[in-house]
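Following the hints, put chain B in place on chain A, whose structure we already have.
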Amino acid sequence: MTYALLFAAVFCVTLVFQSQTIQQHEALSLFLLTGDYFTQTFREAWPLSRIVASFISGFFRFPVVGGLLTALLITLVYLFANILFRFLGSLAKPSASVLACVAWYMFVHAGCDPLPVVKILFRLCIPVLLVAMFLPKDFLLFRKELSRGTLLLAFIAPVAVVSLATALGRTPRMNEKWATIEQAARRHDWDKILKTADVMSASKDREMIPFAMLALNAQGRMAENLNAYPVKGPEDLDMEGVRTRRGYYFSSILQECLGCNYEALHLISQSGCTLPYGTSMMVLRQTLKYNIALGDQRMIRKYIEVLKKSPANRAMAKAAEKAYLKKTATGTAPAAVSDSLAFNGNATVPVVTNNPIYNLILLASHGAESPMLVDRLNAYSAFGDTAN
Amino acid sequence: MKTLALTKGIAAAASMLVLASCGKPSGFEAVDSYPEIYPDYVGVTVPEGIAELRFDMADGRRFTESRRDMGDSIMVSVKAWNKGDRKGVEYKAFPIYRSSQAIDPYVAYRLIEPGYESWHDIGIYQRELASFDERAIVTNEATGKGCLNCHSFCNGDPENIVFHARGRDGGTVFAFGDDAKIVNLADVGPKRQGTYSAWHPGGRYLVFSSNTTHQSFQIGGDQPIEVYDTASDIIMVDLQTDSVTVVFDTPNTLETFASWSDDGRTLYYCAAPAVENVSLGRGGMRYSLMAIDFEDGRFIGEPREVFSREDISVSFPRIKGDYLLFTASAYGTFPIWHREADLWLLNLRTGEAHSADVLNSPEAESYHSWSSNGRWVVFGSRRDDGRYTRLYIASFDGNGHFGKPFMLPQKTTDFDMTRLKSYNIPEFLRSESPDRQDQTRQLFR
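Quick note, the sequences are listed as chains A and B, same order. Per the working numbering, the first sequence starts with residue 73, numbered consecutively. Per the working numbering, the second sequence starts with residue 4, numbered consecutively.
Extracted from the complex, chain B is given alone in its bound form:
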């Protein structure tokens, strides 16, 4: 009986060996270059415990890979060949560096058709970074298919979330643990609607820009869409008193994209002089980075210019410690449709700003978010196809240097290629977010 089992085992192993070697070349020529793989994980720095980085050959060739653990890095050897080749290529092993810096366990983002004007399914989702598990936090199934946008968490705490749910009976949803309420900001206080939000680190205040946004489709050129504001101001909601106040009410200046410093004592935002007929004069719309001090629930002093350049329009400032990461584009306020849009890093102590070259690509980079310890940054990039935004994560050494970014790992290498949704507004989360679907559905009943 034992002999029979052993024979069967040997036969099975032999047939597996035959199957495994089927179609593989008999020899490999070693070359002194790294393989071109997709996604590009060559030389990236990853946090401990990140989901497996799976890849294919960029040119679609067959390949085998083996991984060697070197302690602070993993060396990946790749052998590739075309079907029918008698000799394949053995590439130089490439490193994937391990970082000892922790990363928040989840990232939240919105999934939306890379759209143009309307939508069908929109949802705010969370992805566990240690696995491929993606779960909905809330989708527009709960809101009668209205638009969901501009989610924000207080200090990355998933228990406190704010997002807009547009459409009939829509408004801004504030959820704190098991409590949730919906407020139509356009109906209260100064009657301004809320758009881009920023939660004060103390948790009591929320500032929103209040934008009148339009979009236009170009007749030619290499940019399909331009999105612009014809008006924008900034409002603040005091969650303790449920009051709304206007921070900036300046018809001649457009203020947008507010963001708090870590200590909550400074509000950074972008501002540009208003232009008549923005659709035609959009090339002249350049936003500067501004700041205003905040103390005891009040803004004090005059706004001051922090960064401005004639050839750069600043958007989406996000601060961690002494560093402020922003998106720089040639003009305008919606960089995702600007291929030239890149991430820039500003040292708030020295005032020096430079392009974060290692993060950038020939396509748009935008909508970035720092991890809670400031050692990682997640951002959206259109480098893969120019139209669909994908998420990339990069390490940061705390001294102004980023590591090579890596694409958020996916279960299969063609998952993002065949996904018909774009990722946007990624935000790190300190823990798993509760499911907000039923809670939101109740608000819309």
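Isolated chain A (complex conformation):
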């Protein structure tokens, strides 16, 4: 009964308050059934921890499965701790087990780093044993005098309270908010971004402003809504020069929206370089997406083959294979238009610079005529000419 209640409580809390966060766990993790993945992992510290954590995180792609897995794992931690303390004889104390799984839950959901899950599990043994050693003996025997109902209440209530507190704390809430924004940006769900990165939230965390601006821009409303958000200057309209995972990620989505798929590829790859494996499931999926946009059949083939090696992405990869690849196993090479020493065509193609306004002008001069581009140019021009 205790286990069932614990399972249900964690499942509900996870699904209601943490569904985006657990998806973000998956997006930023990497698990592939390839020789290269395992070889590389075993060259790093904590290889088993990484493999198990990444394998579990893979299923967080589906919130319900993620919720079930989280609940199952926490229940197992509780069970494991209970067995451990029973094994230790007179030190049997479910309260310590409760503390064990609460601590585990807090650690797991405190941040978005997907790797330390199992590492934490190992480390958990230490606080659990400390609790076991230092709790007063009277307290340990206290449970014997309680009724079953009181016992349940005594053990489940703290789990529920701490879980809720963990889920509703400032950091987890912010993580959930950011996970929502980033995933909505990936799906081009601009309304959701605007709903999540509202003016109040953006005032507290100014990194949300470029996302909100991108959403408005995609709807063709950026220039006219500059005053709706606390925009201080053109630097709030993009994340140029922000060399963080989120900065690169934002810029890749922006370039994708503007039609610069090579640059989007570059930036999503940059974003991946900030992650523990140098890439992640999300980066691989985005890379596949951009290669589909570029029509590079061989790269599509490659990334489909890579994604098929992920248990949680296999079905998606097979669907993509069916949709985009109808050629041979090695794919079809693009026409070798440039396989001639006489070909000089690429030398005249404009290159992206680190001046966003100049890039927009280049794009416009290269034939791009999207309303988004015009709207963005108008927004920049509201701050004066900074393209020099």
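You may find that some hints are simply not true.
Distance ranges between label pairs, derived from CB positions [to be verified]: (1) A:H438 with B:A277: 45 to 55 Å; (2) A:V314 with B:R169: 45 to 55 Å; (3) B:T415 with A:T243: 41 to 51 Å.
Only some residues are given here: those of chain A computed to face chain B with a beta carbon under 10 Å [unchecked claim]: (4) R115; (5) L151; (6) E335; (7) R373; (8) K374; (9) E377; (10) V424; (11) L435; (12) H438; (13) S442.
Read the hints as simulated data drawn from the structure, not as lab findings. We treat Cβ as the ideally placed atom computed from N, Cα and C, and that holds for glycine.
Quick look at chain B alone, frame taken from chain A:
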């Protein structure tokens, strides 16, 4: 008891036979063509003792293969079918030629995300050619995740290696057996940083090009990236005196990609006139092949042009005997992102140069290295997918002719397909390299 064992054995053999034949067509139609396999090992020439060449049907069909040893070649018969086919196809047996020419036992290379600007894991690795064994020589785990690049061995001797370890406290690492030191070339002598290196065959001198490199991402076209230099000169390090001198300090000319002749008496390099605003004028950047003589630790005489063509930019010259192999591209100095980049062979005695057609593909070929006896060449090629560089090895007859190249064999046929790293700067090694990880870590403490 014996009868029972025999019965069990027969039963096991029968069940294996049933399992083996499960799903296989009852008959095969013979066709007079070679199978299309991946990697393409049809008609390649391989050295003795190379790891097994494993392959799949290029179109993913099921197949069986049998190999017949013919002495100087192996004939491989392939039968292929689709699931559910009642009749399969039996292809003409294809040869894999054996060469009696020895090959160095190891090849070293760098593994890196086929990147774009940043990196996460970079390492210099070695692969034993007789097996699938790949081991790290040094990775950026030892250098605080900084970039590792441009490794070079003295005459293929793994005891002497030089490579750059960028980032905080970074510099150029010189390792000689158990001794290693790190020097930031930008802080000593003429204060020039080192980029592409070439070790003099005598072991005392090292020349580096000193490049100011940029990269740009194209808005369109079929080339994602252009990498170019806005300045480059050549410097020389004397390892005996620990001194650095500038060989070329010419702001109007960009010199890069130096390489020594076998006897160490000539330094070959690439040079191009400087262009203003290279990003816009990159189409006009064409490098020529130059040479200058070297004697008693000094460069003598004037540089001379060895090879130049209006439609070719030369990069990465590598010399063995009378032959110089270089990469030819339409323009620029970073051919790996140029699909038109091909390997060309120059006969240094006659001055004749031609495309080494059998080595080339519609995608980029670059970064090649001769074996120590000059009978094999390893190079990077993007022929498989246009983006990830893979290693190919080809035989050379010593008279200007290469054999069909074969992909570095892998344990599983999809290993390279699913690997998220590119290979670059392959170099043959005469023996196994020591592990440099701890040695390098000490330098960064």
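Okay, the hints, checked on the actual structure:
{"no.": "1", "hint": "A:H438 with B:A277: 45 to 55 Å", "result": "violated (27 Å)"}
{"no.": "2", "hint": "A:V314 with B:R169: 45 to 55 Å", "result": "violated (22 Å)"}
{"no.": "3", "hint": "B:T415 with A:T243: 41 to 51 Å", "result": "holds (43 Å)"}
{"no.": "4", "hint": "R115", "result": "holds (7 Å)"}
{"no.": "5", "hint": "L151", "result": "violated (37 Å)"}
{"no.": "6", "hint": "E335", "result": "holds (5 Å)"}
{"no.": "7", "hint": "R373", "result": "holds (7 Å)"}
{"no.": "8", "hint": "K374", "result": "holds (5 Å)"}
{"no.": "9", "hint": "E377", "result": "holds (5 Å)"}
{"no.": "10", "hint": "V424", "result": "holds (5 Å)"}
{"no.": "11", "hint": "L435", "result": "holds (6 Å)"}
{"no.": "12", "hint": "H438", "result": "holds (6 Å)"}
{"no.": "13", "hint": "S442", "result": "violated (13 Å)"}
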